[in-house]
Structures are given as C-alpha cells and as structure tokens.
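2 protein chains.
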Amino acid sequence: MAASVRILGIDPGSRVTGFGIIDVRGRDHFYVASGCIKTPADAPLADRIAVIVRHIGEVVAVYKPQQAAVEQVFVNVNPASTLMLGQARGAALAALVSHKLPVSEYTALQVKQAVVGKGKAAKEQVQHMVVQMLGLSGTPQADAADGLAVALTHALRNHGLAAKLNPSGMQVKRGRFQ
Amino acid sequence: MAASVRILGIDPGSRVTGFGIIDVRGRDHFYVASGCIKTPADAPLADRIAVIVRHIGEVVAVYKPQQAAVEQVFVNVNPASTLMLGQARGAALAALVSHKLPVSEYTALQVKQAVVGKGKAAKEQVQHMVVQMLGLSGTPQADAADGLAVALTHALRNHGLAAKLNPSGMQVKRGRFQ
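Going down the list, the sequences are from chains B and X.
For the first sequence, the UniProt record's numbering assigns the number 1 to the initial residue and increments by one for each residue that follows.
For the second sequence, the UniProt record's numbering assigns the number 1 to the initial residue and increments by one for each residue that follows.
One should not assume that every hint holds.
When chains are identical, the list treats them as one kind, so a pair holds in a single copy or across two.
Once the Cα atoms are required to be at most 25 Å apart in a straight line, the calculated DSS-like pairs of lysine-lysine come out as [unchecked claim]:
no.	residue 1	residue 2
1	K123	K38
2	K64	K100
3	K100	K38
4	K64	K38
5	K64	K123
6	K38	K118
7	K118	K64
FYI, nobody ran anything at the bench for these hints, they're computed from the structure.
Required output: the full structure, derived from the provided sequences and hints.
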C-alpha cells in the first residue's frame, strides 16, 4: 500500500470559510470531505471567530489531516472588508497551528495554475477541474470546491509528498491513466 | 474579602501584540502583569500566527484571566497592512476564545474616554493614566501599556464586574479616595 497523506485545504472568507480534505497516495488524489463554515453575520466578532475556531477544530478532530494549505486572500477595495477578511483568515490560521498542523499558503494564481494549468482560469474552471480530478459525482458548493482546490494545489506542487513524509514506508506508485 | 476579577487586555498589532493583566476588586484595580508578544518580521505568516497563539496561551495558562478585552484596530491606509493587522487580531481573538474566555471589544476612542476622560487624548496621556491608576513605579513599554489600558477600560465600563460575576460571594466595596 502506498503511503497516504491527508491534506486539509482552507479558503478563508469573512462570511464563509470553505474547507476540503483529500488523501494523496502517490500521484492519486482521493476526496475525503468538504464543506463550509458559515459565520453569523450579525454576531459580535468574537462569536464569529469562535465559530471558525470551533468548526476547524471539529474538522481536524474528525478527519485528522496531517498537513494544511490555506489560500491567500485578496486585499479588498473596502478597507473594513479587508480587515474583516484578515481577521477571519487569522482565526483560521490560528486554529490550524494550534492543532500543530504545518500550514502552506498559496495565492489564487498558484491554485489556478496548479489545478487548471493557467493563472487566468475562471472560478468555474477551477470547480470543474476539482470535480474531474477527484472523480466527484456532483459539484460541491463554491467555497467547499475552493477548499478542495487549495488542498489539490498543495498536493500537485509537492509531488512525492507521501514518499517524503514516510520514506521508510513501502511505496507502490500507482499510474494514472487518462 | 471582595470578589476579584482578573482581566486580560490585548492590543493587537501586526508586529507587536501588547498585553496587560489587572485584577479588579470592587472599584480598585491592581496591576498583575504586562508585556509584548513580538512576531518575527521575516517569518512566514503561519509562524507569526503560531507565535501569537502560543504566547497568548502561555499568558492565559500562567495568569488565568477570567475575562478578556481587545482593542479594535484602525483600518490602515495601506491595504496590505490592514490585512496583516486583521490576521494578527484574528489570531489573538482565536487564541482567547479557544481558551473559553469571554471577549469584549473597545475602540481606541472608548479606551481614551474611559482611561483619560476624553476621546482626543494623546497616547502619552493614556500611558500616564495607566501608570497612575495602577500605581506603577515605572512606565511600561507602549504596547504593554495599551494592553493595560484596554483591560482598565473593560473594568471601568463594567463597574460592579466582580459583584456581577460572583453574586453569592461576600462583597466589601472599598472606597477610592482621590
């Protein structure tokens, strides 16, 4: 059996934080789970931060990822929105590091290049490729798909991830025919 | 003995997060500790976030505050700085809520009004009043003083905090002559 690495991808947002979990074995990627963490819009900031921290904690406790990948966010034209987005992202990162997960960061450009092959790809193309690469039977919600896309980016930019992590493990590279 | 409440005040910053801890008994305030959490400027964001989370965790573990107060931050003219500040603040809030601390937020205006008595007070006046109100023998570093100021703000805006928290406890209101 090939060594397996489980990656948690996070796409932070001020209202919705998307997440996606994949397993990587050799050059194969397998869907594990995905979803959205929605924060109550009218709640005090500390409560919204608490929702993000608690839900990421639950995802980590249930699925036990070994690595995390977080999408870098755009600076918004609205400074207040940028601050809010930063706070949500900081909370997500804090939750990940407090669970001792190594965190890698990728820009939207890197995600598009890794998943679609070109930096100018539309959001729909990223979602389409996520569905194709993971062999999903349906299209996940946009933020969840973005979480999966950043997890895939981490896997694709680190070929041999599983081998590196578990160098003494028995390796069976499974070819991918497509 | 009057019921006592321990408050942790936090002044988040992208490079330095100040903190200050005070005890409140009746209308009296007592200095407990203060300091600065400095993040390595050139380190990856996840590492800087980890420093904030770990140090706040240590402060909470050592001093066991019951409530937290966090200063609201200004939106910077530089969007990238605003994002970074937001991330640091989000991490600080995440660390506090993950230790189950109730968090209150105060604007710089509220801190100045509470501590100095006027919203237009200079930063030095706030520091001066922190030294006076807590009977300090020296002036703490600026960020630490700001942490103490926001803790004092929480205390001053919630007179009877200790009584509210511990209604069954024996209360001795000690007058303040000044």
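Which earlier hints can't be squared with this structure? 5, 6 and 7
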